[in-house]
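Between the sequences and the hints, there should be enough to build the whole structure, so can you do that?
Chains as they are written, first to last, in the numbering used here: chain B, 27 to 229; chain F, 50 to 721.
I should point out that these hints are in silico values taken from the structure, not numbers from a laboratory. Be a bit skeptical, because a hint or two may be false.
The calculated EDC-like cross-link candidates involving lysine to aspartate or glutamate, where the alpha carbons are at most 20 Å apart (straight line), are [claimed, not checked]:
| # | chain 1 | residue 1 | chain 2 | residue 2 |
| --- | --- | --- | --- | --- |
| 1 | B | Lys199 | F | Asp538 |
| 2 | B | Lys199 | F | Asp92 |
| 3 | B | Lys199 | F | Glu193 |
| 4 | B | Lys199 | F | Glu89 |
| 5 | F | Lys220 | B | Glu203 |
| 6 | F | Lys293 | B | Glu229 |
| 7 | B | Lys94 | F | Asp83 |
| 8 | B | Lys160 | F | Asp253 |
| 9 | B | Lys199 | F | Asp78 |
| 10 | B | Lys199 | F | Asp118 |
| 11 | B | Lys130 | F | Glu80 |
| 12 | B | Lys199 | F | Asp224 |
| 13 | B | Lys160 | F | Asp295 |
| 14 | B | Lys199 | F | Asp83 |
| 15 | B | Lys129 | F | Glu80 |
| 16 | B | Lys199 | F | Asp295 |
| 17 | B | Lys129 | F | Asp295 |
| 18 | B | Lys135 | B | Glu148 |
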Amino acid sequence: MKIRNTHSIDLDPVVTKGCGSRPRSNGIFGAFRFAAVLIFCSSFVARAEGDVSLEYKVKTVFLYNFTKFIEWPPGSMPEDGDFVIGIFGDDQFGDGLSYFADKKVRGRKIMVRKFAYVDDLEPCHILFICSSAKFNHGRILAAVADWHVLTVGEWEWFATNGGVINFVSRGGKVNFEINQAAAGRAGLRISSNLLNLATIVTE
Amino acid sequence: MKIAIRLLLLFALQAAFAHPIRANADDMDFEQLDGLSLAELMDVVVTSSSKKPERLADAPTAIYVITNDDIRRSGVTTIPEALRMAPGIQVARIDANKWAVSARGFNGRFANKLLVLIDGRSIYTPTFSGVYWEAQDVVLEDIERIEVVRGPGATLWGSNAVNGVINIITKHSRDTQGGLVTVGGGTEETAFTTVRYGGRLSADATYRMYTKYVERDDFVNASNNDGADEWDKFQGGFRIDWSKGDTDTFTVQGDVYKETVGQTYLFPSTTTPPFASFEDETDISGLNLVGRWERNVSETSGMFLQLYYDNFQREDLLVGEETDIFDVDYHHRFGLGIGNDVIWGFGYRLVSGAFEGTDQVAFVPADRTTHFYSAFVQDDIELVEDRLHLVIGSKFEHSYYSGFEYQPNIRLMYTPSSRQSIWGAVSRAVRTPSRAADDVLLNNRVLPANSPGNPFPLPIQATIRGHSDFESEELLAYEFGYRVSPTSDLSLDIAVFYNDYDDLRSFEVAESITNPTHIDTYVDIRNRMDGEAYGIELAADWSLTDWWRLQSSYAFQRLQLHIDNGSSDTTSEPGERRTPQQQAYLRSSFDITTAVSLDVTARFVDGIADFDIDGYTAIDVRLAWSPTERLVVSVVGQNLLDDRHPEYQPRLINTVPTEVQSGVYGKVAWQF
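Encoded structure:
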C-alpha cells in the first residue's frame, strides 16, 4: 500500500499530530495529500479505540497514586462529594479510564469528567491537560487558578510555566517534574516522598 | 560519515518501532501496574510520547550500550577505560596516557579501523588514522550513554567505521540542571576535580558549563623504575539546548582543553646503541564548537543539520601539528509508502593540517588542505509487519587521497517473538588513507650492522615514507546475531562475524642509498596484504533481584594476515598476533543497602604473542556510600590482583611502554 507517498515532513505538523484540522486541498496533489492524511488519521483513531498504550496506562496509575501523596485543602473536599478528575483535550487514555471505577480517594468515589473548552471547565481536584491542549495552557491555568486543582501536564516546560506536575519522558520511562510554587498557590501539600522522586523545577 | 546521534537514534528507531520490546512491555495490564511502587512505576519502559526512539539494542547490528549508571558504578575515570565494559572491544594501555583501542582485531595506538564520535563530532584524527585517546575527555557524569557498534557502520557513519563505531553521547542540558562538584585523589589518579553548573536561560532553553582538572601519576617500566608518563589535563566547556515548539531543537556546545602528557621517546640512531632515549613533555591543546538543529515531525519524519569546527594542536619532540576541521552534515528521513522508512543525507568536511617537522618525523608538504564529500541513502523496509525487516543502503564518498568510494550494506532482521530476534548482515567498508599515509617521512628504526635482517657492514636507517598510490583498505563483512530475553530479568546477545580484508596496509622497501656512515632505506606505505578474521562475541545481563545485577561478556577473535607474493614486508603479517584472542568480563553490581553499593569487576585478557605479553586478570572494586541523594562518597581500587602488568607495546612511533599499576582513589561527589 503506497498511499502515503509523500514526504511526511511536508505535512502540516498539526495535521499529523492531532488529526484535528482539515488540510488545505489544492489540485491533484492536494487531494492526494488529503487522502493520505485521512488514512494516517484513521489508523490513529483505530489505535486509540483499541488498546491503550502502556504509556497512558502508566500515566493513569500515576494520577491515582498522586492522590495518596497530596493533601487538598479541607474546604475543597466536602464529605459527600466525589473526587473529580478532569481531562482537558483529546486524550489517549481510551478505555483505560475505567481503571478509576473501583478506586476511591479518601473514601470518595472518583468521577472522571472531560473538557474540550476553557469556558466549560468546572471545579475538579485533578486536571490532566493533554498535550493536544498545550497551546491553550495559559488560559486553562488561569481558569482553574482559584479552585485548588492539581494540574498535570505532559509536555516540556509545562511545570516551569505554572503547572504543578508534569510528566516527562526519560529514557523511554515516564518520570515527572513538580513545581512547588504552583502547588503552594493551589493550596496543595505534597508529601516529601513524592517530592523525592520528582525533578523539582522552578518558574 | 559522522552523522552520529540522530542517525544512530534513527537506526534504532527503525528497529525499535517495528520490533519486539514495545509489544513485550505492552503486556503489562493495570493489575500489574497497580502492584508497583511509584519508583517502580517510574522505571517502566514505555514508548515515549515524543516518539523518540528507544531500545537501541533492537537494531540489526552488534551493538552494546554503556549507560551513565554503568560508568558511575564501575569507577572508571577515562573514556577508553569505560570501553572495556563493551563485549569484543579490545582496550590496552600502552603507558599512563596512551591507549590502544579496537574491535575485532587490528589493535594499536593508531588503530585505524574504529571510528569514534563525541556528540556527532568525529575524534578520529585525519592525520594518523586513529584516536589520540589522551586528548579526549568529557565529564563522565554528563555522559548519557556510549553506543558501541562492532562491525561495519560505514553506510551510516562513513569511512573508517570498518571494524566498529563508538558513539559517545552526552546528556541534554535539561538533564544536568543544578550544580555538581566532584573532588578526589589517590595513588594513580593523583588528583581530580570537576565543577559543573546547569541552569535555565529562558522558559525553553537550558545550559550547562563545566571545568575539569585531572592529574595522573606515572606508571613503571619493565624494570620497575618510574616512567616519564605522568600527565595532567585541564578542560572546560558548555552546552546550550533550545527547544522551539514541539518539533525543533537547537544545540550549541563546545569544549576547550590543554594538557601536558609525558613519555620517553626512543629515537633510532645509527651509532650504538641503535636507540637514543629522550624524556618528553608533550603539549596538547584543542577546542571545538558544534551547532546542531534537529527536527522531529513524527516517528518517520525529520531532519538533522550539524556544523562543527575542531582545532587540535600538539607539540612534541617529534613533530608539531595544528589541524583544523570544519564539518557539515545533513540528513533527512521520511516514510515512503507504508513500511518504508528512508533516510538520506550528505556531508562535507574540510581538513587543514600544518606540520613542523624534525629529523624524526616530517610531512611533505608540511601544509595541506583537503576536502571530503559524502552522501548516503538507506531504506528500512518492513517485509512482514512486526516480524521481518530489510535494511538496505549505501554510502558514497570522495576523498582527496583515495577518490570515490562506495560502502553498501544489507541487513535482515527476523523477530519471531517479542523475546527474541535474529539478524544477519553483509557490508562493505573501507579505511581511507590518512594524511600520514600520503605525506609522512618517519624515521622508524635502525638495524645495526651485521645484525638480524642486516647482513651489511653499515647500519640501515629505515624511514617510512607515505605514498600517493596507497589506497583504501577494504573489508567485506558477514555478520550474524541472535538476541534472546528468556525473562524480563535476563538477556543474552550473541554475534558472530567473518571479515574478509583486501588491500591491507603493508610496508615495502622502495629504495636504498648508501652513505659513508649508514644505508638509508625508504619503506613505502602500500597495500600488499590481505587477510581474514572470524570471531564470536557473547554478552549476558542478568538482574537477579532489584539489588543485584550481573553483567558479563566473552569474546574470541582470530585474525589471519597474508602478505602478497613479492612483498618485502616482514613486520605487518605478525600483526595478526597483536590483539588478544580471548577476553572475558564480569561485573557484579550490588546494593548492600539503599545508601551503600558495592561493585566488583573482573576481567581476563589473553596474552599477546607478538609482544610476548602474558594474559592477565584484573579486578576493580568500588564501594560507594550515599547518605543523601545529593552526596556520594566512594572508594575505588583498580587492577587489584597484581602490582603491575604490561598490556601493550607501541609501534611505528617508538615510546617506552610502561606497566599498568594497581591504584586506589577516593572521590566525593556533591550535587546541589
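Hints, verified against the model:
1. For the given pair, B/Lys199 sits about 17 Å from F/Asp538 by alpha-carbon distance, which is consistent with the 20 Å threshold.
2. Of the supplied pair hints, the one linking B/Lys199 and F/Asp92 holds, its CA atoms being roughly 6 Å apart against a limit of 20 Å.
3. For a cut-off of 20 Å, the pair hint linking B/Lys199 to F/Glu193 stands: about 15 Å separates their Cα positions.
4. Pair hint B/Lys199 plus F/Glu89 holds up; C-alpha atoms about 10 Å apart against a cutoff of 20 Å.
5. Restraint check for F/Lys220 and B/Glu203: satisfied, since their Cα atoms lie roughly 17 Å apart, inside the 20 Å limit.
6. Taken as a hint, the F/Lys293 and B/Glu229 pair is honoured in the structure, with Cα atoms around 18 Å apart against an allowance of 20 Å.
7. Distance restraint check for B/Lys94 and F/Asp83: the Cα-Cα separation of roughly 13 Å lies within the 20 Å cut-off, and the hinted pair is therefore satisfied.
8. In summary, the hint linking B/Lys160 to F/Asp253 is supported, as the alpha carbons are separated by about 14 Å, within the 20 Å threshold.
9. The straight-line distance between the Cα atoms of B/Lys199 and F/Asp78 is roughly 16 Å, inside the 20 Å bound, and the hint therefore holds.
10. For the hint pairing B/Lys199 with F/Asp118, the CA-to-CA distance comes to about 16 Å; that is within 20 Å, so the pair holds.
11. Between B/Lys130 and F/Glu80, the direct Cα distance comes to roughly 16 Å. Compliance with the 20 Å bound is thereby established for this hinted pair.
12. Only pairs whose Cα atoms come within 20 Å are accepted, and B/Lys199 paired with F/Asp224 is accepted, the gap being roughly 14 Å.
13. Distance restraint check for B/Lys160 and F/Asp295: the Cα-Cα separation of roughly 10 Å lies within the 20 Å cut-off, and the hinted pair is therefore satisfied.
14. For the proposed pair B/Lys199 and F/Asp83, the alpha carbon gap of about 16 Å is at most 20 Å, so the pair holds.
15. Restraint check for B/Lys129 and F/Glu80: satisfied, since their Cα atoms lie roughly 12 Å apart, inside the 20 Å limit.
16. Pair hint B/Lys199 plus F/Asp295 holds up; C-alpha atoms about 19 Å apart against a cutoff of 20 Å.
17. Distance check on the hinted pair: B/Lys129 and F/Asp295 sit about 34 Å apart at the alpha-carbon level, beyond 20 Å; violated.
18. A hinted pair counts as satisfied when its Cα atoms are at most 20 Å apart, and B/Lys135 with B/Glu148 qualifies at roughly 18 Å.
Comparing the model with each numbered hint stated earlier shows that hint 17 is the single one that does not hold.
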